[in-house]
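Note that the protein sequences, when read in sequence, are chains A and B.
So for the first sequence, the numbering used here puts the first residue at 1; every next one is plus one.
So for the second sequence, the numbering used here puts the first residue at 1001; every next one is plus one.
Careful: at least some of the hints might be erroneous.
As the list claims (entries may be wrong) - Beta-carbon label-pair distances, calculated as ranges:
#1 B:T1124 with A:R54: 19 to 27 Å
#2 B:K1076 with A:S26: 36 to 44 Å
#3 B:G1010 with A:D33: 37 to 45 Å
Simulated from the structure, these hints should not be mistaken for laboratory data.
This one's a predicted model, so the numbers in the text were calculated from it and none came from an experiment.
All C-beta atoms, glycine included, are put in the ideal place defined by N, C-alpha and C.
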Amino acid sequence: QSALTQPASVSGSPGQSITISCTGTSSDVGGYDYVSWYQHHPGKAPKLMIFDVRNRPSGVSNRFSGSKSGNTASLTISGLQAEDEADYYCSSYTRSSTRVFGTGTKVTVL
Amino acid sequence: EVQLVESGGGLVQPGGSLRLSCAASGFTFSSYRMNWVRQAPGKGLEWLSYISSSSSTIYYADSVKGRFTISRDNAKNSLYLQLSSLRAEDTAVYYCARDLEFCSSATCYGRGSFDYWGQGTLVTVSS
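Pulled out of the complex, with its shape left as it was, chain A reads as follows (with noise of 0.2 Å):
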């Protein structure tokens, strides 16, 4: 069960576009369209931003989108904002039926 796999930090300014990289196995990611994006503000709750590799629950911007090839899911930030500044994980369904997050990207707003 090792972690997936993320870049430590990812920076833009506001109004730009970022994308996170998210890289698994194909026994988890690339095996699954079970791929989730969590956002997590220190001290806070973490929040569910996408789902099912695309999907976002309601009342998340859709400034934000996820996406997949192969064993690498992204999650891509259009108009980047200030508050879009946390770290960001993602999260995999696995072949065992056990869950595995990512390693975690911390993502600044310039």
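Given chain A, work out where chain B should sit, using these hints.
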């Protein structure tokens, strides 16, 4: 409004035990699968355990298998995590999280996703 409130954290010595609770409200607890997730200081999120709505199916991460036990009491709208043989590396904020999964016409959605989280309870393992 969906609410999940964890409790039971605190300071415990290495090798000790602790029982965490998660009180659920604002939804039909007995209909939902539940999970525990933790975050060690300066580290990322780590999924720990899953329990089905009827407690018939349980999964654990390898890192806690044999030491942690998940359970629930649907009559009390509560989820539990029994922590034993605690180590310094178990120091973390522990979150309970509701499983999003729902199925319609033999197709399931949201498997492995967590749509509501508590604020967490801090467990510190130290002598």
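How the hints compare with the structure:
no.	hint	result
1	B:T1124 with A:R54: 19 to 27 Å	violated, 39 Å
2	B:K1076 with A:S26: 36 to 44 Å	holds, 41 Å
3	B:G1010 with A:D33: 37 to 45 Å	holds, 40 Å
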